[in-house]
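Q: Chain by chain, the residues:
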Amino acid sequence: MEIDFTMGYPHSNRSSKVRLFRKRVKMSKNRRYAIIIILVTNAILISLLESIIPVLIPVPGVKLGLASIITLIGLVFLPLTDVLWIVIIRCIVVALLTRGVMMLAFSISGGILSALIMFIIYQQLSQYFSLKGISIVGALVHNTTQIIVASLLLGQLVVLYYLPILIVSAVITGYITGGISEIAIGELKGKDVFNTISVQEKGELKWTN
Amino acid sequence: MNRTLNHSTFTSLDGFIKLLLAVTIAILPFYIENKVSYIIFLVYLMLFTLTSRISCRTLLLSGASYFIIVLIPYLFGILLNGVLYNLTRNEALIMQQGYAALYIRLFRLFIIWYVSILYFHTTHLETVLSLLDRLLFPLKLLKLPVQDFLKIIMCIVTQLKGTSEDMKTRFLEDSRYVMGGNAASLKSKFNGISRIIVSSLVNSFHKLDEVESMVEEMSLKPLFKYRFKMGKPEWLAVLSTALLILSLYIVEKGNGFLL
Chain W
3 MEIDFTMGYP
13 HSNRSSKVRL
23 FRKRVKMSKN
33 RRYAIIIILV
43 TNAILISLLE
53 SIIPVLIPVP
63 GVKLGLASII
73 TLIGLVFLPL
83 TDVLWIVIIR
93 CIVVALLTRG
103 VMMLAFSISG
113 GILSALIMFI
123 IYQQLSQYFS
133 LKGISIVGAL
143 VHNTTQIIVA
153 SLLLGQLVVL
163 YYLPILIVSA
173 VITGYITGGI
183 SEIAIGELKG
193 KDVFNTISVQ
203 EKGELKWTN
Chain G
72 MNRTLNHSTF
82 TSLDGFIKLL
92 LAVTIAILPF
102 YIENKVSYII
112 FLVYLMLFTL
122 TSRISCRTLL
132 LSGASYFIIV
142 LIPYLFGILL
152 NGVLYNLTRN
162 EALIMQQGYA
172 ALYIRLFRLF
182 IIWYVSILYF
192 HTTHLETVLS
202 LLDRLLFPLK
212 LLKLPVQDFL
222 KIIMCIVTQL
232 KGTSEDMKTR
242 FLEDSRYVMG
252 GNAASLKSKF
262 NGISRIIVSS
272 LVNSFHKLDE
282 VESMVEEMSL
292 KPLFKYRFKM
302 GKPEWLAVLS
312 TALLILSLYI
322 VEKGNGFLL
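Going down the list, the sequences are from chains W and G. Each residue of the first sequence is one higher than the one before, starting from 3 at the first, in the numbering used here. Each residue of the second sequence is one higher than the one before, starting from 72 at the first, in the numbering used here.
Do not rely on the hints blindly, as some may be mistaken.
[Stated by the list, open to error] List time: in silico DSS-like cross-link candidates among lysine-lysine, alpha-carbon distance up to 30 Å:
#1 106/G with 324/G
#2 106/G with 191/W
#3 258/G with 65/W
#4 31/W with 278/G
[To be verified] Below, a sample of chain W positions facing chain G; criterion: calculated Cβ distance under 10 Å:
#5 68
#6 103
#7 190
Because the hints were derived from the structure by calculation, they are not lab data. Note that the structure is predicted; figures quoted are calculated from it, not measured. Note that the Cβ used here is the ideal one computed from N, Cα and C, for glycine as well.
Work out the full structure: start from the sequences and follow the hints.
A: Right, dumping it as structure tokens:
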């Protein structure tokens, strides 16, 4: 069975690091799932880096969120549905393996909303936002959603006092992960990873644009 | 990430029965008010934990996220609220809910988190996914690819089991080599991180065909082979929970139930 799979989206001509391209690829369902599996596995493993590499952020509850790099990579190379699959599956796997189901409410709400907002900005407002900017907005949405969910669960507005701290940290961490994503996306394009996947499928591919 | 289950009676309990018991225990705190009920409940939960033989380390690690996301913002909020109230005497800053009610809410959330940790750390992932496959049947009616979704999760866990330790060692080696130790500037550290991520992604995509074959294999064989069983341990577990509910009921009703 073959399904339609859109790979790559237009991006700002202001951001030279991520250039405009749109390719329409026909890819087998299993191939598409394999790409999702690889990206989710990497997202989870990359978050291991945070525990290994000491990047000092002296605020409790604040971490770099390196896994969001994979979401950003997904936004550049994959269609929205696949990016959402990556976010949802990552949250579920991490909840099942480590944090427990209650944390799913926080991670999935923050993850989906930030991915959606980042996608809209990347699609519609990319002439105003670089990847660093998109990453900052994503981090802001993620942190704000999480704290609102915590406030709803506790039935307490006092939790929202923590929001300014999370906003400041989101700007910093979003800038950092956005910077790393820019380098990573540039290098991935240089290495032609996603195009290589398509070329390997030569027989099945149908390119448009 | 490499989750291995301890072999305890609890691990071998039927997944569905265990799920029902976990849900029952998780919602019980919403129906109790008496202090004695809380003590009975906590004693039961402690026995539940001991029987499951789950390690303290696992519980603490899993609990860190609850502490970070829920407790830290809450405690910070309370502190700041108190400071602001003392400075301004603004009545709008008085807590809308009493502290006792709030602690009870925190306790209930904690129990939901704790029971879910106990459940997922004592149940085989295949069983969990198998149960999800059955419980999510309404989504299947909507033509959503639930089975594909669950199989992807299974593949990811298999991948993680196979690569997490290797990857951790490689990350450590790479980070020492690429990032140049503590003396390196922040910029070179981030360049290092991006190089590690890129090399990890590129290496992973070299295995794309392998992963694809795994997905194909997984889609051919019946992954979800859960069968319901109701043996002696299951009856014992159900009975113990029923006894707990009965004792809580008696305490809450002030012995009126028996008279």
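Q: All hints are to be evaluated individually against the structure, with a verdict given for each.
A: Tested hints:
Between residue 106/G and residue 324/G, the direct Cα distance comes to roughly 13 Å. Compliance with the 30 Å bound is thereby established for this hinted pair. Among the hinted pairs, residue 106/G with residue 191/W is inconsistent with the structure: their alpha-carbon atoms are about 62 Å apart, more than 30 Å. A distance of roughly 18 Å separates the Cα atoms of residue 258/G and residue 65/W; the hinted pair therefore holds under the 30 Å criterion. For the hint pairing residue 31/W with residue 278/G, the CA-to-CA distance comes to about 17 Å; that is within 30 Å, so the pair holds.
A cut of 10 Å between beta carbons decides the hint on residue 68/W: the least distance to chain G is about 7 Å, and the hint holds. Interface restraint check: residue 103/W against chain G, minimum CB-CB distance 4 Å, threshold 10 Å, status holds. A cut of 10 Å between beta carbons decides the hint on residue 190/W: the least distance to chain G is about 6 Å, and the hint holds.
Of the numbered hints given earlier, the model fails hint 2 alone.
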